[in-house]
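Student: As a plain string of letters, each chain reads:
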Amino acid sequence: MKEKIRYLFYPESIAVVGASTNPSKWGFVVLNNIVTSGYKGRIYAVNPGANAIGGIKCYKKINDLPEGAHLAVITLPREKVFDALKECIAKGVKSIMVITSGYSEAGKDHAELENKLVSLCRDAGIPMAGPNGQGIFNSFINLSATMAYYNIKPAKISFVSQSGNMGNTMIEWAKKYSMGFGKFISSGNEAMLKTEDYYDYFKDDPDTDVVISYIEGVDDGRRFFEKARELAKKKPLIILKSARTSQGKKSAESHTGAMAGSFDIFKAAVWQAGGILVQNAEEMGDAAFAFLHQPLPKGRKVGAVSEGGGWAVLVADALTEEGLELPAFPQELIAEFNKILPFYWSRNNPVDLVAERGEGIYEKVTELMASSKNVDIFMSLGVGYWYGAAFKIADSKLIEESMKGTLIDYIKANGIHQAKHLIELWKRLNKTVICASDIMLSDDFQKNEALKLLIDNGIFVYPTPDRAAKAVARLCWYAEYLRRREKQQLTDYSSSGA
Amino acid sequence: MARKVFSEYQSKAFLRECGIEFPQEFLATSKAESAKMAEKMGFPVVLKGCGEGIAHKTEKNLVRLNLKDKTSVESAYEDLTSSGEKIDGIIVQKFVPGKREFIAGILKDQQFGYCVMFGLGGIFTEILRDVTFRLSPISTVDAEEMLHELKHSRLLGEFRGEQAINMKKLLDLLCKLSEVPLKKKNVIEVDLNPLIPWENNIYIVDALVVTEDEGKN
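Protein chains in written order, with this note's numbering: chain A, 435 to 932; chain B, 21 to 237.
Take the hints with a grain of salt, since some may be wrong.
For lysine to any residue, the following SDA-like pairs were computed, each having C-alpha atoms within a straight-line distance of at most 20 Å [to be verified]: (1) A:Lys701 / B:Val161; (2) B:Lys204 / A:Glu687; (3) A:Lys667 / B:Thr78; (4) B:Lys171 / A:Glu914.
Computed beta-carbon distance windows for the label pairs [said to hold, decoys possible]: (5) A:Phe574 / B:Ile143: 57 to 65 Å; (6) A:Ile850 / B:Glu178: 52 to 60 Å; (7) B:His76 / A:Glu539: 39 to 47 Å; (8) B:Arg149 / A:Glu920: 29 to 37 Å; (9) B:Asn206 / A:Glu437: 50 to 58 Å; (10) A:Lys807 / B:Asn220: 45 to 53 Å; (11) A:Glu755 / B:Asn220: 32 to 40 Å; (12) A:Lys609 / B:Glu41: 29 to 37 Å; (13) A:Glu914 / B:Met187: 33 to 41 Å; (14) A:Glu437 / B:Arg149: 28 to 36 Å.
A few chain A residues facing chain B, derived, Cβ under 7 Å [said to hold, decoys possible]: (15) Asn497; (16) Arg656; (17) Phe659; (18) Ser688; (19) His689; (20) Thr690; (21) Met693; (22) Gly757; (23) Glu759; (24) Pro761; (25) Ala762; (26) Pro764; (27) Asp872; (28) Arg918.
Derived by calculation from the structure, the hints in this document are not laboratory data.
Think of the CB as a built atom: it goes at the ideal place given N, C-alpha and C, for glycine as much as any other residue.
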């Protein structure tokens, strides 16, 4: 089944079954988004009453299609879905996404219809996503077979979500920060393919480096756990679980039984599997962007530079609260800094650069600190400030207009040089580099070429020091989880369960 | 489905079969016997009312701690046997003077199956809720991670003149406990409560086992 899931994400041909001429219908919206997103494969529409929708030819029946499409997206009314699936299977369709609603989500009475769809697909050996799913997105092939169409650069983040609109949220999140996104599937009721089946697929998918997952509930806890654990051994798995506050049943005789809320056990299973639990979409994005390009830290020692005192102190608090260390610098490193920084520099970690604008200072301090054996993680706070100063020159009412051009060019060039140096250093040392800057708090960051350079090269810039600290802590947690298990054989869990 | 709540004495016998060790204890059925056993064991001792279906002894006032001589053992015996609870006998146990109490246990979760728990025990267990869980069975690495997750994991270290808990024994115990459901398919809940670290040992002072058998003949 795992191999066949590929047809859902990389179809070479798609049939929209239930395609509609009415722009307010799913059958139109999905077809429209597939076409509009720039999908390059073959697109077919099935509609018994129309000749064409836009430029897309309509076929009266599934059987009339020139081929068994790799993916059939079903947007039919519920009563027509079962027969349509039968026809799809007969035609040789390779995978099915059922968008149609009104199944188990509507109550027990409707679950039987869902079971029938599952039996049909299972017998035929065809993967079925949904029903009641919002669709499939894959930026690597410009595919938006979804309610919305997304225009975002590809990145190796794959998302399986039990809610359709969370896909939208995460893609918007990535867009806000000029980050990319890879795949998204709205798994709907998960009648046949469960969250963990997609884990299984993403585990071996070369276009996936980070998996994010939104979960409301799991059916088979043990199976979920096993698949999550197998995935997390290879790739970071970030999980956002809703319904965290609901309590478990309280009919236990023992203290142990009475202590276990349903989220306690879910949390334990995720941690044991090596998954990273987050509280909300922001944390999920922050973690994903760190895991996407950063090498895992070798330890918890952070060396940090800051453009300004407030952030230096705040980040020290945040890092300490997250269990990270800010070691004092060895004497020889302090001696080196003494040569570069003004006499009144703090001599503490983080180093406050006291807005020192001397050319090359930032690069020298950064080089020395990041290279230090005492530093596993290098943090730079206030990146992009230098470049940002150019805008202030441009706005200045004091500086003569004739002077501005040269000054701006000089400052920008230096800002770019700092960013390029940091990127080069990061690649050379292969250490974790985490940046933060309040310039990210507004969309103005888009104009800051130095920041853009960092982000486009894979160094995400966090808008606040505490968000950066939290992301670092998650990198460390996962790195340590893997390290502990490298040394010791894992318990075999397969023999037990409910 | 037939659910059975084991007595303390039965629970320990059940768990001994799974390799979990308990301090020596006797089940006395007469006052004279309880005094004789206490003397043989050495004071101070603990007396506890023991019976099937009794899950919360402290709440039912069925525990007498730190009895230092024959007279206090005898009066405790009389006291416990007249409590009105259905009692099979009185457990006589050596009193463990450690100041810290922990809890470990097994539960069967509807979605995830058997889980093992460890945390702070004693009378504040439910208030502090400083406990962690793992799916059972666990490796030593899993067990170590559980301990690190406790908010008050420092309680495992040196504490008010007592030495740090014997980590190897604790990890072994948790692993062994997590394997109980592999050996006993009908178990649904286990409490080891309290676990009291004292000197180089961890004493499992009390235990509770609940089983559930399919209602088939």
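Student: A separate judgement is required for each hint: does it hold in the structure or not?
Tutor: Each hint, compared with the structure:
The suggested pairing of Lys701 (chain A) with Val161 (chain B) holds, with an alpha-carbon distance near 17 Å, which does not exceed 20 Å. Only pairs whose Cα atoms come within 20 Å are accepted, and Lys204 (chain B) paired with Glu687 (chain A) is accepted, the gap being roughly 18 Å. Taking the CA atoms of Lys667 (chain A) and Thr78 (chain B), the gap is near 45 Å; set against the 20 Å cutoff, the hint is violated. Taking the CA atoms of Lys171 (chain B) and Glu914 (chain A), the gap is about 19 Å. The hint holds against a cut of 20 Å.
Distance hint for Phe574 (chain A) and Ile143 (chain B): a CB-CB separation of about 58 Å, consistent with the stated range 57 to 65 Å. Ile850 (chain A) and Glu178 (chain B) have their C-beta atoms about 55 Å apart, which keeps the hinted 52 to 60 Å range intact. With their beta carbons about 41 Å apart, His76 (chain B) and Glu539 (chain A) fall inside the hinted range of 39 to 47 Å. For Arg149 (chain B) and Glu920 (chain A), the hinted distance range of 29 to 37 Å is satisfied, since their beta carbons lie about 33 Å from each other.
For the hinted restraint 50 to 58 Å between Asn206 (chain B) and Glu437 (chain A), the CB-CB distance of approximately 40 Å leaves it violated. About 39 Å separates the C-beta atoms of Lys807 (chain A) and Asn220 (chain B), a value inconsistent with the hinted range of 45 to 53 Å. For Glu755 (chain A) paired with Asn220 (chain B), a C-beta distance near 35 Å keeps the hint of 32 to 40 Å intact. For the pair Lys609 (chain A) and Glu41 (chain B), the beta carbons lie near 59 Å from each other, so the given range of 29 to 37 Å is not met.
Between Glu914 (chain A) and Met187 (chain B) the C-beta distance comes to about 18 Å, which lies outside the given range of 33 to 41 Å. A C-beta distance of roughly 45 Å is found between Glu437 (chain A) and Arg149 (chain B), which places it outside the suggested range of 28 to 36 Å. At about 42 Å, the closest approach between the beta carbon of Asn497 (chain A) and any beta carbon in chain B exceeds 7 Å, and the interface hint on this residue is violated. About 6 Å separates the beta-carbon of Arg656 (chain A) from the nearest beta-carbon of chain B, less than 7 Å, and the hint is met.
Because the closest C-beta pair between Phe659 (chain A) and chain B is about 6 Å apart, less than 7 Å, the hint holds. Using the Cβ-Cβ criterion of 7 Å, the hint placing Ser688 (chain A) at the interface with chain B is satisfied: the shortest such distance is roughly 4 Å. Given the 7 Å rule on beta carbons, the hint for His689 (chain A) holds: about 5 Å separates it from the nearest Cβ of chain B. Checking Thr690 (chain A) against chain B: minimum C-beta separation of about 3 Å stays under 7 Å; hint holds.
The interface hint given for Met693 (chain A) is met, as the beta carbon of that residue sits about 5 Å from the closest beta carbon of chain B, less than 7 Å. With its C-beta approaching chain B no nearer than about 10 Å, Gly757 (chain A) sits outside the 7 Å limit, and its interface hint is violated. With 7 Å as the threshold, the beta carbon of Glu759 (chain A) stays out of range of chain B, its nearest partner Cβ sitting at about 16 Å, so the hint is violated. The interface hint given for Pro761 (chain A) is violated, since its Cβ lies 21 Å from the closest Cβ of chain B, which is over the 7 Å cut-off.
Proximity of Ala762 (chain A) to chain B is violated relative to the hint, the smallest CB-CB distance being about 24 Å (cut-off 7 Å). The restraint placing Pro764 (chain A) at the interface with chain B is violated, with a minimum CB-CB distance near 29 Å, outside the 7 Å limit. At a threshold of 7 Å, the smallest CB-CB gap from Asp872 (chain A) to chain B is about 32 Å, leaving the interface hint violated. With a cut of 7 Å, the hint placing Arg918 (chain A) at the interface with chain B holds, because the nearest CB-to-CB distance is about 5 Å.
When held up to the earlier numbered hints, the structure conflicts with 3, 9, 10, 12, 13, 14, 15, 22, 23, 24, 25, 26, 27 and fits the remainder.
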